[in-house]
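In case you want the letters, here they are:
There are 2 protein chains.
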Amino acid sequence: SLDKDAYDITVISPTNYFLFTPLLPSTTVGTLEMRSLVEPIRSVCRRKNARFLQCEAQELDLENKEIIAKDDQGRTYHQPYDRLIIAVGSQSMTFGVPGLEHCNKLKTITDARETRARVIDCFERASLPTTTPKEKEKLLSFVICGGGPTGVEFAAELYDFLVDDLPGYFPSISRDEVQVSIIQSGDHILNTYDKEISSYTEQHFSRSHINVITNHRVRAVAEDHIVYARKPTKDDPNPEEKILPFGMCMWTTGIAMTPFTKHLKEQLGGAQKNARALETDSRLRVAGVPDGSVYALGDCSTIMNPKLVRGIVEYFEEADTNHDGVLDHDEFAHLSQALIRRFPHTEMHLSKAGEIFRMYDKDGTGSIDLDEFRVLLSDIDQRSTTLPATAQVAAQQGKYLAKKLNTLAAHSLGMPGNAGDGGSVPYDEALARFHYSHLGSLAYVGGTAVADFGDGFLVKGLFGAKYLWRGVYWSEQVSFRTRALLALDWTKELLFGRDSSRF
Amino acid sequence: SLDKDAYDITVISPTNYFLFTPLLPSTTVGTLEMRSLVEPIRSVCRRKNARFLQCEAQELDLENKEIIAKDDQGRTYHQPYDRLIIAVGSQSMTFGVPGLEHCNKLKTITDARETRARVIDCFERASLPTTTPKEKEKLLSFVICGGGPTGVEFAAELYDFLVDDLPGYFPSISRDEVQVSIIQSGDHILNTYDKEISSYTEQHFSRSHINVITNHRVRAVAEDHIVYARKPTKDDPNPEEKILPFGMCMWTTGIAMTPFTKHLKEQLGGAQKNARALETDSRLRVAGVPDGSVYALGDCSTIMNPKLVRGIVEYFEEADTNHDGVLDHDEFAHLSQALIRRFPHTEMHLSKAGEIFRMYDKDGTGSIDLDEFRVLLSDIDQRSTTLPATAQVAAQQGKYLAKKLNTLAAHSLGMPGNAGDGGSVPYDEALARFHYSHLGSLAYVGGTAVADFGDGFLVKGLFGAKYLWRGVYWSEQVSFRTRALLALDWTKELLFGRDSSRF
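Protein sequence lines correspond, in order, to chains H and F. Last residue of the first sequence: 503 in UniProt numbering, with the numbers rising by one and none dropped. Last residue of the second sequence: 503 in UniProt numbering, with the numbers rising by one and none dropped.
Calculated from the structure, these hints are not laboratory results. Hints are not guaranteed to be accurate.
[Unchecked claim] Have a look at the derived ranges for each label pair, beta carbon to beta carbon:
hint, chain 1, residue 1, chain 2, residue 2, range
1, F, 130, H, 399, 43 to 53 Å
2, H, 75, F, 229, 27 to 37 Å
3, F, 108, H, 275, 38 to 48 Å
4, F, 64, H, 98, 30 to 40 Å
Nothing here was measured: the structure is a model prediction, and the numbers come from that model. Think of the CB as a built atom: it goes at the ideal place given N, C-alpha and C, for glycine as much as any other residue.
Take these sequences, add in the hints, and give me the full structure.
Written as C-alpha cells, this is what we have:
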C-alpha cells in the first residue's frame with residue numbers, strides 16, 4: 001500500500017515471485033499447486049510503477065546509502081536508496097547436525113517440488129516388484145525433524161494423502177506399512193501454541209498412527225536413516241543413540257540468518273547482539289544505522305523491546321504526582337496508560353491496571369512502592385518475548401511500514417533523505433511504534449485444523465475447522481489472483497483428488 | 001477402453017504420468033499450467049484395475065515373452081506378457097548437428113519447465129542495469145530450429161507473450177528489441193499442412209515481426225549463437241555460413257528412435273527396415289514377431305503399407321471376370337471396392353472409381369489394360385505416405401487396438417496366447433485393419449489458429465479460430481479432470497494474464 005506517487009520503488013530479489021510459505025506444506029502431496037502460492041513480483045510492481053531487479057543483495061554501503069547487488073552472472077550493481085527495507089527472510093537452522101544434505105526442507109518452491117517428487121518416489125519404489133520387504137519398510141518411513149507448524153502440517157498433509165488417496169493410487173501398499181514419525185526436542189509439538197492445542201494435536205496424531213517422539217534430538221542424518229537420542233538430563237547425561245531408517249526425512253527446525261543479514265550484523269558491530277535476526281527498534285529501524293533510513297521486517301528481523309527497568313526512576317517520579325514516594329491507585333492507572341502508549345508491547349501486561357495493582361501490592365498497603373514497581377517492570381521485561389517468525393507478523397509489519405512511509409512523505413516538502421539533512425529520524429520518532437495484534441495461531445493437523453486465538457479462545461477439531469483454516473489463509477493472500485487460484489485448487493482436490501504425477 | 005475383466009493389465013513407464021504433448025508449447029510462457037496437460041497413470045490404472053510399475057523398458061525377450069524393465073536403482077525385472085503394446089514415443093532427431101546441449105527442447109515436462117525458466121530469465125537479465133546493449137540484443141533473440149507445428153506454436157506463444165504481457169511486466173524492454181526467428185530447412189513452415197495454410201501462417205508471422213528463414217539449415221549450435229547456412233544447391237554447393245546470436249534456442253525438429261525401439265529393431269533384423277520407427281503391419285503388429293503378440297502405436301511406430309504393385313496379376317485376374325484381358329468400367333468399380341476393403345489406406349485414392357477410371361484410361365479405349373493398371377497401382381504405392389507422428393494418429397490407434405483386443409478376448413475361450421497355441425495370429429487376421437481418418441490439422445499461430453480439415457476445407461485466422469483450436473484439443477483430453485483443468489487455465493489467463501514467476 002506504499003504511495004506510488006510519493007516514492008520511486010525498486011524491488012531487488014533473486015527470485016521474481018513472492019511465495020506464501022505458510023501453505024507450502026499443502027503442495028507436497030498435491031493438495032495445492034505451487035503456482036497458486038506464488039505472486040509474480042512484476043505483477044505487484046506493475047500496480048506500483050515499481051522497478052524490479054532480479055539480483056541478490058550482497059552488501060550494504062551505509063556511507064553512500066547504496067545497496068550492492070549481484071546478478072546471476074556474478075556482476076555487481078550499486079543501487080542508491082533514500083530508505084531501504086530489508087525483508088530477506090531466513091534460512092533453516094542446522095544446529096550443527098551433520099548430514100542435513102540428505103534431508104528435504106520446506107522453505108522454497110524448489111524445496112516443495114523436491115519434497116513432492118520424493119514422497120511420490122517413495123511410494124512408486126515401494127510398489128515395485130524389485131523392492132525387498134526391508135527396503136519397502138524403509139521407503140515407507142517418513143521422518144519429520146521438528147514439531148513446529150511446518151513439521152506438523154507436513155505430517156497432516158501426508159496423513160491426508162495416506163487416508164484419501166493411497167488405497168486408490170497404490171493398491172499394493174497398505175496404510176499399516178506407512179510410518180510417519182515426528183522428532184521434537186521440546187516436551188510437546190506446536191509448543192508456541194496454547195498447551196491445550198498442542199496436546200489435542202498430539203492425541204489426534206496418535207489416533208492417526210503418527211508417532212510423536214518428544215524430548216528427543218536428532219544427532220546426525222545419513223543417506224537413509226537418522227541417529228537420534230533422548231535429550232540429556234542430569235540423571236542420564238549420555239542417553240543411548242537410536243536409529244530410525246527413512247525413505248524421506250524432512251528438516252523443519254529453526255531460523256538462521258542469511259549471508260546478507262549476517263554480513264550486515266557484523267558491519268553494524270555492537271549495536272546488533274542477536275544471533276538469529278537483525279535487531280530493530282519498535283519502529284522497525286535497524287539498530288546501529290545512524291540516520292534511521294534502514295528498516296527490516298519479517299523473519300530476518302526481531303524487535304528489541306526496551307528494558308523498562310532501566311527507566312524505572314524516571315517513570316516513577318513522573319507518575320508520583322503528589323510526591324509521597326509511593327504510587328496510589330489513580331497514579332498507577334495513569335502510569336499504565338502512559339506506558340502502554342509509549343511501549344505498545346506492554347498492553348497485554350498493563351491493560352488491567354486494577355488487577356495488576358492488587359497483584360503487585362505485595363505488602364497490601366494500598367500503594368506500590370519503588371521496590372514493588374521494580375518487580376513489576378522486571379516481570380514485564382522478562383515476559384516480553386520476541387514476536388514469532390510468522391507470516392502474520394510480517395504482513396502487519398509491512399502494512400505498518402507502508403502507512404508510516406506514506407505519512408512521512410505526505411508531511412515533508414521533498415524527501416528529507418534527498419535533501420541530505422540527515423534522514424528522517426526526527427520525523428519518524430513522532431509517529432507510532434509498531435504494535436502487533438495477534439489474530440491467532442492456526443495449524444492444519446490432518447482432516448481438521450487447530451486454532452489459538454489468544455485469551456483462551458481455542459478451536460480444536462470442530463467440523464469445518466479445516467475450512468476456517470483455509471479461509472483465514474485465503475483472506476491473507478496478496479492478490480485476488482492467488483485467492484482465486486487457491487479456491488480453484490481446493491475445488492479441484494475435492495472433485496478430482498490429489499495428483500500423483502511426479503515431475 | 002480395454003475390457004478390464006478380459007485382461008490383466010500392467011503399465012510400465014519411467015514417468016508416472018501421461019503427458020498431452022500437443023499443448024506443451026502453451027506452457028512455455030505460462031498460458032497453461034504443466035499439470036493441466038498431465039494425467040496421472042495411476043488414475044487411469046485405478047479405473048482399469050491395472051498395475052503400474054515405474055520402470056523403464058530395456059529389452060524384449062521374444063522367446064519367453066517377457067519384457068525386461070529397469071527400475072531407477074538399476075535393478076532389472078522380468079514381466080511376462082501374453083500381448084505387448086509398445087507405445088514408448090520418440091526422441092528428438094539430432095541430424096548430427098553439434099552443440100544441441102545448448103538448445104531447449106519440447107518433448108517432456110522438464111523440457112517445458114526449463115524452457116519457461118529460460119524465457120523468463122532472458123527477459124529478467126535483459127532488464128538488469130548490469131546488462132550491456134549488445135548482451136541485451138543477444139538475450140532478446142529467440143531462435144527456433146524447425147518450422148513444424150511445435151516450432152510454430154512455440155513462436156506463436158512467444159508472440160502472444162510479447163504482445164499481451166511484455167509491456168506490463170517488463171516496462172524497460174520494448175517490442176522492437178525482441179527478435180524471434182524460425183529456421184526451416186524446407187521451402188515453407190508447416191509443410192505437412194495445406195500450402196494455403198502454411199503461406200497464411202508465413203504472412204501472419206511476417207506481420208507479427210517473426211522472421212521466417214526458410215531453405216536454411218542449422219550447422220552447429222554454440223552456447224550463445226547458432227551457425228546456419230542456405231541449403232546447398234547445384235549452383236551454390238558451399239553456401240556461406242551465417243551466425244545468429246541467441247538468448248535461447250529451441251530445437252524442435254525430427255523424430256528418432258528411443259534406445260528401446262532401436263534395440264528391438266536390431267533384434268528383429270531384416271524384418272525392420274525403417275530408420276526412424278518400428279514397422280508394423282496394418283493391424284499394428286510389429287513386423288518380424290512370429291506370433292503377432294507385439295503391437296506398436298504412436299510416434300514409435302509406422303505402418304508399412306503393402307506394395308500393391310506386387311499383387312497386380314492376382315488382383316487383375318480376379319477382377320477380369322469375363323477374361324477379356326482388360327477391365328471395363330464395372331469390373332474396375334468392383335475391384336476398387338474390394339481393394340478398399342482389403343487396404344483401407346487406398347480409400348482416398350480409389351473412392352471415386354469413375355474419375356480414376358477415366359484418368360488412367362490413357363489411350364481412351366473405355367477399358368484399363370494391365371499396363372495402365374500398373375501405373376495406377378504404382379501411383380497409389382507412391383502416394384501412400386506414412387501417417388504423421390501426431391497425437392491424433394496415436395489416439396485412433398489406441399482406440400482401434402483396445403477394440404480389437406476386446407473382440408479377440410470375447411471370441412476366444414481362454415486366451416490363445418495363454419494356451420500356448422502359437423498366439424492369436426489367425427484370430428487377429430479375421431479382424432479389420434487400422435484405418436486412419438484424418439480429422440484435420442490444427443496449429444495455433446498467435447492470436448489465431450489455422451486448421452486444415454482435408455478436402456480443401458481450411459480455416460485461417462477467423463475470429464474465434466483460437467477457441468476452435470482450444471476446443472478440439474479440449475475434447476481430446478484423457479479425462480474430465482484434464483478437460484476441467486484446461487478450461488480453468490484458459491479462464492485464468494483471460495482474467496489474470498500469464499504468470500511471470502520463474503521457478
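Quiz item: Can the suggested window of 27 to 37 Å be confirmed for the beta-carbon pair residue 75 of chain H and residue 229 of chain F?
Solution: Holds, at about 34 Å.
Quiz prompt | Satisfaction of the hinted span 38 to 48 Å by the C-beta atoms belonging to residue 108 of chain F and residue 275 of chain H | solution = Holds, since residue 108 of chain F and residue 275 of chain H (Cβ atoms, about 45 Å apart) stay within the stated range.
Exercise. Starting from the range 30 to 40 Å, see whether the pair residue 64 of chain F and residue 98 of chain H falls in it by beta-carbon distance.
Key: violated (48 Å)
Exercise. Could you see if the CB distance from residue 130 of chain F to residue 399 of chain H stays within 43 to 53 Å?
Key: About 33 Å separates the Cβ atoms of residue 130 of chain F and residue 399 of chain H, which means 43 to 53 Å is violated.
The structure shown violates the earlier hints numbered 1, 4.
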